[in-house]
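So the sequence lines, in the order shown, correspond to chains V and H. Quick note: the first sequence uses my numbering, first residue 1, plus one each step. Quick note: the second sequence uses my numbering, first residue 1, plus one each step.
Just so you know, not all the hints are guaranteed correct.
No copy labels: a pair is met if it fits in one copy or bridges any two.
Claimed, not checked - 30 Å max Cα-Cα, derived DSBU-like pairs, lysine-lysine:
#: 1; residue 1: Lys-468; residue 2: Lys-452
#: 2; residue 1: Lys-58; residue 2: Lys-247
#: 3; residue 1: Lys-415; residue 2: Lys-468
#: 4; residue 1: Lys-457; residue 2: Lys-123
#: 5; residue 1: Lys-247; residue 2: Lys-457
#: 6; residue 1: Lys-39; residue 2: Lys-452
#: 7; residue 1: Lys-468; residue 2: Lys-90
#: 8; residue 1: Lys-433; residue 2: Lys-123
#: 9; residue 1: Lys-364; residue 2: Lys-300
#: 10; residue 1: Lys-85; residue 2: Lys-468
#: 11; residue 1: Lys-39; residue 2: Lys-385
#: 12; residue 1: Lys-85; residue 2: Lys-457
#: 13; residue 1: Lys-457; residue 2: Lys-77
#: 14; residue 1: Lys-433; residue 2: Lys-300
#: 15; residue 1: Lys-39; residue 2: Lys-300
#: 16; residue 1: Lys-433; residue 2: Lys-90
#: 17; residue 1: Lys-77; residue 2: Lys-433
#: 18; residue 1: Lys-247; residue 2: Lys-415
#: 19; residue 1: Lys-347; residue 2: Lys-58
#: 20; residue 1: Lys-334; residue 2: Lys-468
Simulated from the structure, these hints should not be mistaken for lab results. Keep in mind it's a predicted model, so treat the numbers as computed, not measured.
Protein chains: 2
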Amino acid sequence: MLSSSLRVALRPALLSNSCLGALKTRHVSTSELLRELGKITCDRDVSTNPNDLQQHGKDEGPHRVSEPQVVVFPQNKEQVAEVLKFCNRKRVPVVPFGSGSGLEGGASAPTGGVAIDLRSFTKILRVSPEDFDCTVEAGVTWRALNFFLRDRGLWFPVDPGADASLGGMCSTSASGTNAVRYGTMRENVLNLEVVLADGRIINTGGIQGRARKSAAGYNLTNLFVGSEGTLGIITAATLRLHAIPEKQVSAVVQFETPRAAIDTVVEILQNAVPIARVEFMDERTIQACNAYSKTSLEDKPTLMLEFNGSQTSVSEQIETVASICEDNGGTEFKWAEDQEERNLLWKARHSVFYATCAQRPNTKCYVTDVCVPISKLPELLAATKEDIDRSGVYGTVVGHVGDGNFHTMLLFDPKDPASFQVVHELGERMALKAIELDGTCTGEHGVGLGKKELLLKEHGSDCVSVMKSIKLALDPHNILNPTKIFD
Amino acid sequence: MLSSSLRVALRPALLSNSCLGALKTRHVSTSELLRELGKITCDRDVSTNPNDLQQHGKDEGPHRVSEPQVVVFPQNKEQVAEVLKFCNRKRVPVVPFGSGSGLEGGASAPTGGVAIDLRSFTKILRVSPEDFDCTVEAGVTWRALNFFLRDRGLWFPVDPGADASLGGMCSTSASGTNAVRYGTMRENVLNLEVVLADGRIINTGGIQGRARKSAAGYNLTNLFVGSEGTLGIITAATLRLHAIPEKQVSAVVQFETPRAAIDTVVEILQNAVPIARVEFMDERTIQACNAYSKTSLEDKPTLMLEFNGSQTSVSEQIETVASICEDNGGTEFKWAEDQEERNLLWKARHSVFYATCAQRPNTKCYVTDVCVPISKLPELLAATKEDIDRSGVYGTVVGHVGDGNFHTMLLFDPKDPASFQVVHELGERMALKAIELDGTCTGEHGVGLGKKELLLKEHGSDCVSVMKSIKLALDPHNILNPTKIFD
Numbered sequence: 001m002l003s004s005s006l007r008v009a010l011r012p013a014l015l016s017n018s019c020l021g022a023l024k025t026r027h028v029s030t031s032e033l034l035r036e037l038g039k040i041t042c043d044r045d046v047s048t049n050p051n052d053l054q055q056h057g058k059d060e061g062p063h064r065v066s067e068p069q070v071v072v073f074p075q076n077k078e079q080v081a082e083v084l085k086f087c088n089r090k091r092v093p094v095v096p097f098g099s100g101s102g103l104e105g106g107a108s109a110p111t112g113g114v115a116i117d118l119r120s121f122t123k124i125l126r127v128s129p130e131d132f133d134c135t136v137e138a139g140v141t142w143r144a145l146n147f148f149l150r151d152r153g154l155w156f157p158v159d160p161g162a163d164a165s166l167g168g169m170c171s172t173s174a175s176g177t178n179a180v181r182y183g184t185m186r187e188n189v190l191n192l193e194v195v196l197a198d199g200r201i202i203n204t205g206g207i208q209g210r211a212r213k214s215a216a217g218y219n220l221t222n223l224f225v226g227s228e229g230t231l232g233i234i235t236a237a238t239l240r241l242h243a244i245p246e247k248q249v250s251a252v253v254q255f256e257t258p259r260a261a262i263d264t265v266v267e268i269l270q271n272a273v274p275i276a277r278v279e280f281m282d283e284r285t286i287q288a289c290n291a292y293s294k295t296s297l298e299d300k301p302t303l304m305l306e307f308n309g310s311q312t313s314v315s316e317q318i319e320t321v322a323s324i325c326e327d328n329g330g331t332e333f334k335w336a337e338d339q340e341e342r343n344l345l346w347k348a349r350h351s352v353f354y355a356t357c358a359q360r361p362n363t364k365c366y367v368t369d370v371c372v373p374i375s376k377l378p379e380l381l382a383a384t385k386e387d388i389d390r391s392g393v394y395g396t397v398v399g400h401v402g403d404g405n406f407h408t409m410l411l412f413d414p415k416d417p418a419s420f421q422v423v424h425e426l427g428e429r430m431a432l433k434a435i436e437l438d439g440t441c442t443g444e445h446g447v448g449l450g451k452k453e454l455l456l457k458e459h460g461s462d463c464v465s466v467m468k469s470i471k472l473a474l475d476p477h478n479i480l481n482p483t484k485i486f487d
Numbered sequence: 001m002l003s004s005s006l007r008v009a010l011r012p013a014l015l016s017n018s019c020l021g022a023l024k025t026r027h028v029s030t031s032e033l034l035r036e037l038g039k040i041t042c043d044r045d046v047s048t049n050p051n052d053l054q055q056h057g058k059d060e061g062p063h064r065v066s067e068p069q070v071v072v073f074p075q076n077k078e079q080v081a082e083v084l085k086f087c088n089r090k091r092v093p094v095v096p097f098g099s100g101s102g103l104e105g106g107a108s109a110p111t112g113g114v115a116i117d118l119r120s121f122t123k124i125l126r127v128s129p130e131d132f133d134c135t136v137e138a139g140v141t142w143r144a145l146n147f148f149l150r151d152r153g154l155w156f157p158v159d160p161g162a163d164a165s166l167g168g169m170c171s172t173s174a175s176g177t178n179a180v181r182y183g184t185m186r187e188n189v190l191n192l193e194v195v196l197a198d199g200r201i202i203n204t205g206g207i208q209g210r211a212r213k214s215a216a217g218y219n220l221t222n223l224f225v226g227s228e229g230t231l232g233i234i235t236a237a238t239l240r241l242h243a244i245p246e247k248q249v250s251a252v253v254q255f256e257t258p259r260a261a262i263d264t265v266v267e268i269l270q271n272a273v274p275i276a277r278v279e280f281m282d283e284r285t286i287q288a289c290n291a292y293s294k295t296s297l298e299d300k301p302t303l304m305l306e307f308n309g310s311q312t313s314v315s316e317q318i319e320t321v322a323s324i325c326e327d328n329g330g331t332e333f334k335w336a337e338d339q340e341e342r343n344l345l346w347k348a349r350h351s352v353f354y355a356t357c358a359q360r361p362n363t364k365c366y367v368t369d370v371c372v373p374i375s376k377l378p379e380l381l382a383a384t385k386e387d388i389d390r391s392g393v394y395g396t397v398v399g400h401v402g403d404g405n406f407h408t409m410l411l412f413d414p415k416d417p418a419s420f421q422v423v424h425e426l427g428e429r430m431a432l433k434a435i436e437l438d439g440t441c442t443g444e445h446g447v448g449l450g451k452k453e454l455l456l457k458e459h460g461s462d463c464v465s466v467m468k469s470i471k472l473a474l475d476p477h478n479i480l481n482p483t484k485i486f487d
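If we strip away everything but chain V, and leave its shape as in the complex, we get (with noise of 0.2 Å):
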């Protein structure tokens, strides 16, 4: 992208990046770091306790766990600022921190510096009910926002499962099961307060911009989304909302075949039939999920489904489902109508992470996740199972199936560098295939640390220049979590 004599002016700076391990050893000490990174919080917001670095260099995910030097809990964006000028100038590395659920390794330190922990972030700023929108700080949870909301007739769709922060659901562009009707963060973020690398504060969708939708500018909120830290720090998100149907209804639907349940999942869509969430879950998944939520389903590839409405449109949308689930074979709905038993019939979903680990003792469960078109599930789906089996690992397959996205929870010994090869290498099948398949090598999860050479894979050498130019051009000293995404 840049001219000749702007590659070799540039150069100095991209090689100082791949030396940042040793300038940070060499020019800021650990207790340099806390002695100035107390004077801009104070001295109890700044932590090299051993628990507290242990914690913040890692998440859910099974990457290797790599200590920041210092964790620091800033009280306001002007503390991150600070944090963030100070850091750029000494060149220190800067790991955003929110809930630490995420699975490809974001929140990992490995070239040491700075873990920035958002958990003092928890206000809901502004809720404008009449405009269907509001704005939160990065720490607060997507399910401390729809509890806070619940009373006022709307809510906030995005749901990954963990009870992550909306910060980091923002900053590796979350999902999961209302996306197939309601949209992934790229959908229902409309601004987002960024503290740059050199300290300075914007708001991507203007200073304060809440239109639905602007053509002012470059969209600077969906580069920031996604961009898993390496941008800037979001440290607030102004989000759409949506209001609470009249009815939701639950159901589960059993077939024969997963490609029975996939078919039926491509029907729906065909009929334009408006529905809020269809998780697949293979028999292995069941299995699980009976074994640790108590749930007595048969062991059958397996619909979860949920309809949103009024009570005419729900009945109507109903009645086509389970006319098209009848002509595919599928079992008689199971029903959970009032909320307690869709309650647990939605939790039952997302403790499958839970229920796949309890199954083997001692093992650690690598997840990871792709997407592809609807019409190439089956291939791929049948593909991976069949490799999974193979390969003699105990893994369970669900997903966000309406999206043509989903997860492979695969069990491993974490004392055994072999075993995690195994599974390391049946997930980069799964995503060379996905790839190949026109698909994406992850729907939901982000790349981080585990997905590099796969992002090269699937955009291109080209591509992922350009998105290094851009990381250049706003993190010069590359300070904003360094070594993700890409090297």
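With chain V held as given, fit chain H onto it using these hints.
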């Protein structure tokens, strides 16, 4: 954003950008352009015909016509790439040209150079009905696409009114009457094929990516959507399609005051009615429509509505909306149920621009749009109408009010600069008021030449400098549509 040493290195490039006009005439004569571009395409695909130059220097907006030196009509992306390589080497400005239906001067060539006309890019490359997506070349218009899709049960819902090319619609982040239900270009583009300033060709969403969602790297697709040709030339787009609804019904309802009409829209949204279109027209627009499109509506603030869905769902939506309209003093619905009547009605809506122009012969129309949170619409609408009345200008107000987006069309005498100044200042005041009310200076027309100062007001200088640093990273010699969005 850049370190001070880098800033020094980059300054000469920045400075030279501001002298592009001089460089152009000094280094690359029109005859050289003709000769060199003729080698890349073939001689008949490069033109200096005065009609071609005049047609390519303007769009449908009121901005000054600035002609390119030559127009080139490449036949494929490889030729676009070669043209860009040449222009990048020689520092020649390049302005992409779709259908010329823009409104903010995006197609104008104030610094001369080459207009790249994509009229030969008319292939629909692929339609996947089972995945609800397609890939089209940039010159295909949305009407041509929908004509092609009509027998497949599918449609592409973004309708900016004019028969714009889909490449142009990507560039300006177009939307239109269906955005309230189906989203804008941002929500309906899955991937873009883009030729970069240096001639490299990338696919922003993966080499052959068409997953419904992705968390793989930066969201370049939505960076290029709305970038108005300043970051690359879009040569193809992969788009989401939607199932044609079983039933589509349109209706007109009229109110005593604009406030009553807007309150109705707010209540429709609060009741989570999945309305497909809800368009506001003020009484003056209705007068113009009656005269131009031979409709026979009362001269009153009016909503034009469309309901999509199954028979049952449409009936229920209508029942809810009719009751809300009645509560707000609306008249009974005037129906348009069959395709022909619906077409007439929406044709009238889409002809408002020409209807307005027809009211005062020998005038030109200054169209501008803003978007605000819907609760702020009544205040902005009232202020704008009062301002128009006070000025003595003839102007109509119409809008996609479900999104909080509306347009004014203001007539001026093209021979009288003072007359232009009056309407321009009216537009500026409306945009400033929209920004003050947490909105944006443009919901769908873009910044182009006309709203650069407003962008700065809306986003602040730090945010705009981030946009500029991205521009510089991707187009270091500022050859791509220079002087648009920012200086």
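The hints, checked one at a time:
1. Lys-468 to Lys-452: both (12 Å within a copy, 27 Å between copies)
2. Lys-58 to Lys-247: For Lys-58 and Lys-247, the Cα distance exceeds 30 Å both inside one copy (40 Å) and across copies (52 Å).
3. Lys-415 to Lys-468: neither (35 Å within a copy, 49 Å between copies)
4. Lys-457 to Lys-123: between (41 Å within a copy, 27 Å between copies)
5. Lys-247 to Lys-457: neither (44 Å within a copy, 43 Å between copies)
6. Lys-39 to Lys-452: Neither. Shortest intra-copy (37 Å) and inter-copy (40 Å) distances fail the 30 Å Cα cut-off.
7. Lys-468 to Lys-90: Classified as both: same-chain Cα gap 22 Å, cross-chain 25 Å, threshold 30 Å.
8. Lys-433 to Lys-123: Between copies only: 28 Å across, 43 Å inside.
9. Lys-364 to Lys-300: within (25 Å within a copy, 67 Å between copies)
10. Lys-85 to Lys-468: Answer is both; intra-copy 22 Å and inter-copy 21 Å each pass.
11. Lys-39 to Lys-385: Neither, since 54 Å and 54 Å both go past 30 Å.
12. Lys-85 to Lys-457: Classified as between; 25 Å across copies, 35 Å inside a copy.
13. Lys-457 to Lys-77: For Lys-457 and Lys-77, only the inter-copy Cα distance (22 Å) is at most 30 Å; the intra-copy one is 37 Å.
14. Lys-433 to Lys-300: within (25 Å within a copy, 59 Å between copies)
15. Lys-39 to Lys-300: Neither: 59 Å inside a copy, 64 Å across copies.
16. Lys-433 to Lys-90: This pair counts as neither: shortest intra-copy Cα distance 43 Å, inter-copy 43 Å.
17. Lys-77 to Lys-433: between (42 Å within a copy, 28 Å between copies)
18. Lys-247 to Lys-415: Answer is neither; intra-copy 49 Å and inter-copy 60 Å both fail.
19. Lys-347 to Lys-58: Result: close within a single copy only, 25 Å intra versus 58 Å inter.
20. Lys-334 to Lys-468: For Lys-334 and Lys-468, the Cα distance exceeds 30 Å both inside one copy (50 Å) and across copies (56 Å).
Going down the numbered hints, you'll see the structure goes against 2, 3, 5, 6, 11, 15, 16, 18, 20, while the others check out.
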